[in-house]
Amino acid sequence: MLDALNSPFMQKAFVVGIMVSLLTGIISAFIVLRKMSFVGAGISHSAFGGVAIGFFTGLNPIAAALVYSIAIAVGIDFTARRGRVSEDVSIGIFYSVSMALGVALISLSGTYNVDLFGYLFGNILAITNREIILTLVMSITVAVILLAYLKELFLITYNEELALVSGVHVKMLNILFLVALSVSIVISIRIVGIIMVSALLVIPGATARLFAKGLLSMIILSCIAGTVSVTAGLFLSYEFDIAPGAGIVLTAAVIFFVPLLLKKRGGMYDNG
Amino acid sequence: MSGAVSIEDLSVVIKGKEILKNINFTLEEGIFLGIVGPNGGGKTTLVRTVLGLLTPTRGTIRIFGQSPKSLTGKNFFGYMPQHHNIDPNFPARAIDIVLMGRYRFSGFLRWPGKKDSKKALEYLSIMGVERQAYEQYSRLSGGQQQRVSIARALAEEPKILVLDEPSTGIDVIGQEDFYHLLKGLQKRLKLTILMVSHDVGTVTTYVDEIACLNITLHYHGNPVGALNEKVLSSLYGKGVDLLVHSDVCEKCERLR
Numbered sequence: 002m003l004d005a006l007n008s009p010f011m012q013k014a015f016v017v018g019i020m021v022s023l024l025t026g027i028i029s030a031f032i033v034l035r036k037m038s039f040v041g042a043g044i045s046h047s048a049f050g051g052v053a054i055g056f057f058t059g060l061n062p063i064a065a066a067l068v069y070s071i072a073i074a075v076g077i078d079f080t081a082r083r084g085r086v087s088e089d090v091s092i093g094i095f096y097s098v099s100m101a102l103g104v105a106l107i108s109l110s111g112t113y114n115v116d117l118f119g120y121l122f123g124n125i126l127a128i129t130n131r132e133i134i135l136t137l138v139m140s141i142t143v144a145v146i147l148l149a150y151l152k153e154l155f156l157i158t159y160n161e162e163l164a165l166v167s168g169v170h171v172k173m174l175n176i177l178f179l180v181a182l183s184v185s186i187v188i189s190i191r192i193v194g195i196i197m198v199s200a201l202l203v204i205p206g207a208t209a210r211l212f213a214k215g216l217l218s219m220i221i222l223s224c225i226a227g228t229v230s231v232t233a234g235l236f237l238s239y240e241f242d243i244a245p246g247a248g249i250v251l252t253a254a255v256i257f258f259v260p261l262l263l264k265k266r267g268g269m270y271d272n273g
Numbered sequence: 000m001s002g003a004v005s006i007e008d009l010s011v012v013i014k015g016k017e018i019l020k021n022i023n024f025t026l027e028e029g030i031f032l033g034i035v036g037p038n039g040g041g042k043t044t045l046v047r048t049v050l051g052l053l054t055p056t057r058g059t060i061r062i063f064g065q066s067p068k069s070l071t072g073k074n075f076f077g078y079m080p081q082h083h084n085i086d087p088n089f090p091a092r093a094i095d096i097v098l099m100g101r102y103r104f105s106g107f108l109r110w111p112g113k114k115d116s117k118k119a120l121e122y123l124s125i126m127g128v129e130r131q132a133y134e135q136y137s138r139l140s141g142g143q144q145q146r147v148s149i150a151r152a153l154a155e156e157p158k159i160l161v162l163d164e165p166s167t168g169i170d171v172i173g174q175e176d177f178y179h180l181l182k183g184l185q186k187r188l189k190l191t192i193l194m195v196s197h198d199v200g201t202v203t204t205y206v207d208e209i210a211c212l213n214i215t216l217h218y219h220g221n222p223v224g225a226l227n228e229k230v231l232s233s234l235y236g237k238g239v240d241l242l243v244h245s246d247v248c249e250k251c252e253r254l255r
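Chains as they are written, first to last, in my numbering: chain E, 2 to 273; chain W, 0 to 255.
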């Protein structure tokens, strides 16, 4: 099993995987508490449109996906807050249109190839050293910014109106959170792929909520659940020759469901 | 204009619908005001406009002579939103919730310290839930959660306490104690209190002034003055029966 650690491409996968899981761990705790899991799924699927724009225009697909995802995230938030349509409808429209745009552009560029498949389902073999550095820089930057505003994010999570009355810049922090979410989605694409990235944004936070007694402990547990899922999932994928994304998501699901089923009493979110 | 809260010719239109129309009243400092009225009558909208969360379509609001928006982040308001707007399973201990009220005193990158914890315990004690300080918020009863939420609002050391339906989740017997406690807070902390309630009867016993709101202001003044069929019928529509709690039921006597 430890063979995996000697393989250079697996080493890269572990480094990127752990960084990604620490960042998504922080974000996942807020996604679960703020009931934003559909937002996460919507933005991650929308990223496909960005990747396709990259393919079509010859730009770096990850960079294109990053800019596109941020635009979609802000667009979803803006449309929902204008109140004309509800947030779930807004997400439903944005992500299906983005997927359609992606498919149309890919058809036009005539590049139905393995590379595209890698973006959809993850491809750890394709991770370059440059991407590792980029992931490291982006993860640390975003994590530090989120941690700096942790207190304010806690207050917004508890109640947005209270936070506003207390003088928190709710609008600015909500956009900052959506940008952080988009960044974490895009850097996770290489590992788990567009289709499964939303699992990393939801399952670790949901697992943490089963045990957490406070917000800080929830974030720490969420990071632990994410890191264990990614490392164990990568080992499994190496051993059994399955797609890493699938290995990671299935491991994360086991880590969530086993304690849930073992809990003798209380509801899903009863911290007893 | 003077007073803690001064409202002049206020109208609020949301999505083309007039929610508040020509509201005028002044609330002096240290007064306990109850805002009552039917559902959809604009009680919460009025409170949200006072807090600066909504912008008036017409008219002006002044809080100690200043506009509400200029006061956000300063310790003028301690706000408790409606109970159903707070996740009852929020993962935190009661004291952690109260400490959120101390965040604004901590500054950027700093967290509440020992002094703040002492303050938080003090406010929990005032609200009669100090024994639950280290219990999970999700484990508390609806009434205890409400008390913790008010302790959080008090921890902001506000001049005006704004409570939106604070008695939700508290049983009828507990409600009298609860209002009594609020009355005590008003005196002890020299607070101005704005409380939204759907309960016209009990509230009148404890508040200094009452505002009867159904899009327009139907009555503002002494709470006893609101308890007549004319005011209540104009507020809730026709068919309001005023039941006075006494040894002899006047209505039954009349029917006999």
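Honestly, the hints are just simulated from the structure, not real lab data. As the structure is a prediction and not an experimental result, all values here were calculated from the model. There may be inaccurate statements among the hints.
Sample of chain E residues lacking proximity to chain W, with all beta carbon distances greater than 12 Å (derived) [to be verified]:
#1 6
#2 7
#3 16
#4 35
#5 84
#6 93
#7 98
#8 109
#9 156
#10 159
#11 166
#12 209
#13 239
In silico SDA-like pairs for lysine to any residue, Cα to Cα no more than 25 Å straight-line [said to hold, decoys possible]:
#14 W/20 - W/64
#15 E/214 - W/129
#16 W/14 - E/10
#17 E/214 - W/114
#18 E/172 - W/109
#19 E/214 - W/14
#20 W/14 - E/79
#21 W/16 - E/90
#22 W/73 - E/170
#23 W/16 - W/27
#24 W/158 - E/58
#25 W/20 - E/83
#26 W/114 - E/264
#27 E/172 - W/103
#28 E/264 - W/137
#29 W/68 - W/107
#30 W/73 - E/90
#31 W/73 - E/214
#32 E/172 - W/114
Partial list, computed: chain E residues near chain W (C-beta under 10 Å) [unchecked claim]:
#33 34
#34 88
#35 213
#36 215
C-beta atoms are modelled at their ideal positions from N, C-alpha and C, and glycine is treated no differently.
So, going through the hints one by one against the coordinates:
1. 6: Check passes; 35 Å lies beyond 12 Å.
2. 7: At roughly 41 Å from the nearest Cβ of chain W, residue 7 of chain E sits farther out than 12 Å, so the non-interface label holds.
3. 16: Answer for residue 16 of chain E: holds, closest chain W Cβ roughly 29 Å.
4. 35: violated (9 Å)
5. 84: violated (7 Å)
6. 93: The claim stands: residue 93 of chain E keeps its Cβ more than 12 Å from every Cβ of chain W (closest is about 22 Å).
7. 98: holds (26 Å)
8. 109: Fine: 41 Å to the nearest Cβ keeps residue 109 of chain E off the interface.
9. 156: violated (6 Å)
10. 159: Violated: least Cβ distance 6 Å, not greater than 12 Å.
11. 166: violated (5 Å)
12. 209: violated (9 Å)
13. 239: holds (35 Å)
14. W/20 - W/64: With a Cα-Cα distance of about 22 Å, the restraint between residue 20 of chain W and residue 64 of chain W holds, given a limit of 25 Å.
15. E/214 - W/129: Judged against 25 Å, a Cα distance of about 18 Å means the pair holds.
16. W/14 - E/10: With Cα atoms ~56 Å apart, residue 14 of chain W and residue 10 of chain E exceed 25 Å; violated.
17. E/214 - W/114: holds (23 Å)
18. E/172 - W/109: Status holds; Cα separation ~21 Å.
19. E/214 - W/14: violated (41 Å)
20. W/14 - E/79: holds (17 Å)
21. W/16 - E/90: holds (24 Å)
22. W/73 - E/170: With a Cα-Cα distance of about 13 Å, the restraint between residue 73 of chain W and residue 170 of chain E holds, given a limit of 25 Å.
23. W/16 - W/27: violated (30 Å)
24. W/158 - E/58: Violated - the C-alpha atoms of residue 58 of chain E and residue 158 of chain W are around 59 Å apart, more than 25 Å.
25. W/20 - E/83: holds (23 Å)
26. W/114 - E/264: violated (38 Å)
27. E/172 - W/103: This hinted pair holds, its Cα atoms lying about 17 Å apart.
28. E/264 - W/137: Given pair residue 264 of chain E, residue 137 of chain W holds - Cα atoms ~17 Å apart, limit 25 Å.
29. W/68 - W/107: Given pair residue 68 of chain W, residue 107 of chain W holds - Cα atoms ~21 Å apart, limit 25 Å.
30. W/73 - E/90: Violated - the C-alpha atoms of residue 90 of chain E and residue 73 of chain W are around 37 Å apart, more than 25 Å.
31. W/73 - E/214: violated (30 Å)
32. E/172 - W/114: violated (31 Å)
33. 34: Interface hint status for residue 34 of chain E: holds (7 Å vs cutoff 10 Å).
34. 88: Check failed: Cβ of residue 88 of chain E comes no nearer than 16 Å to chain W, outside 10 Å.
35. 213: With a closest approach of 5 Å, the residue 213 of chain E hint holds.
36. 215: holds (5 Å)
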